[in-house]
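Residue numbers (the working numbering), protein chains in the order written: chain A, 2 to 112; chain D, 16 to 126.
None of these hints come from the bench; they were simulated from the model.
Every residue gets a Cβ at the ideal spot worked out from N, C-alpha and C, and that includes glycine.
What you were told as hints is all true, and nothing was included just to trick you.
To list a few chain D residues with every Cβ distance to chain A over 12 Å, as calculated:
| # | residue |
| --- | --- |
| 1 | 17 |
| 2 | 23 |
| 3 | 30 |
| 4 | 31 |
| 5 | 87 |
| 6 | 89 |
| 7 | 102 |
| 8 | 124 |
Computed beta-carbon distance windows for the label pairs:
| # | chain 1 | residue 1 | chain 2 | residue 2 | range |
| --- | --- | --- | --- | --- | --- |
| 9 | A | 17 | D | 31 | 51 to 57 Å |
| 10 | A | 12 | D | 91 | 37 to 43 Å |
| 11 | A | 59 | D | 53 | 29 to 35 Å |
| 12 | D | 111 | A | 59 | 17 to 23 Å |
| 13 | A | 21 | D | 93 | 40 to 46 Å |
With a Cα cut of at most 25 Å, we get these calculated SDA-like pairs of lysine to any residue:
| # | chain 1 | residue 1 | chain 2 | residue 2 |
| --- | --- | --- | --- | --- |
| 14 | A | 79 | A | 23 |
| 15 | D | 72 | A | 3 |
| 16 | D | 26 | A | 46 |
| 17 | A | 50 | D | 104 |
| 18 | D | 72 | A | 98 |
| 19 | A | 50 | A | 110 |
| 20 | D | 72 | A | 33 |
| 21 | D | 72 | D | 91 |
| 22 | A | 50 | D | 111 |
| 23 | A | 50 | D | 43 |
| 24 | D | 32 | D | 91 |
| 25 | D | 26 | A | 39 |
| 26 | A | 50 | D | 42 |
| 27 | D | 30 | D | 80 |
| 28 | A | 50 | D | 18 |
| 29 | A | 70 | A | 26 |
| 30 | A | 79 | D | 114 |
| 31 | A | 79 | A | 62 |
| 32 | A | 50 | D | 56 |
| 33 | D | 72 | A | 4 |
| 34 | D | 72 | A | 97 |
| 35 | D | 72 | A | 6 |
| 36 | A | 50 | D | 119 |
| 37 | A | 50 | A | 21 |
| 38 | A | 70 | D | 113 |
| 39 | D | 72 | A | 31 |
| 40 | D | 26 | A | 41 |
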Amino acid sequence: AQSVTQLDSQVPVFEEAPVELRCNYSSSVSVYLFWYVQYPNQGLQLLLKYLSGSTLVESINGFEAEFNKSQTSFHLRKPSVHISDTAEYFCAVSDNEKLTFGTGTRLTIIP
Amino acid sequence: GAGVSQSPSNKVTEKGKDVELRCDPISGHTALYWYRQSLGQGLEFLIYFQGNSAPDKSGLPSDRFSAERTGGSVSTLTIQRTQQEDSAVYLCASRNYNEQFFGPGTRLTVL
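Here chain A stands alone, though its shape is the one from the complex (with noise of 0.2 Å):
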């Protein structure tokens, strides 16, 4: 069985500073490790994902992640946040089957 914790439901962030989303996971397999976002009345789109090699990803728009195998987490970071990021974060884990989400967080820049 896997399962994904994201410990923070909301993380209120002013506008050009830095955030860090965290995610941790548990797995008795190896696992492939995903965000997805999901923008108001929007549908989930993948922001970045591990599935091997470089422990550091990156997207396109300067979000990043960190796998971290002995901690087991997959958190995410931005040095500097916009408006326009403004969403719903899913951090997500797949045996290659099926993805296990965890309950999301809810990032809310301030202007």
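Could you slot chain D onto chain A? The hints should help.
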């Protein structure tokens, strides 16, 4: 478009009625998934198809829920005798290698 499509986008029904939700995956994707997103439960896995077979139905909440896939393409999720707790957004995804691509979802409201 080349993405996953779902219909209808919105469905309002009365308690006790049956509903059918449709998913058209990305052409060539053999794996197809149904998930449910609701306020109380977050994002939950429902069922997984590989081709026309469903090796994992573990997420279907009750025997009122069923799904089929024909021709290795279109899938239909059927909910019989709908209840108010079935109200949610039903998401379909298809998979290419290690990445799942999500459709826009069907918002089901049971009155």
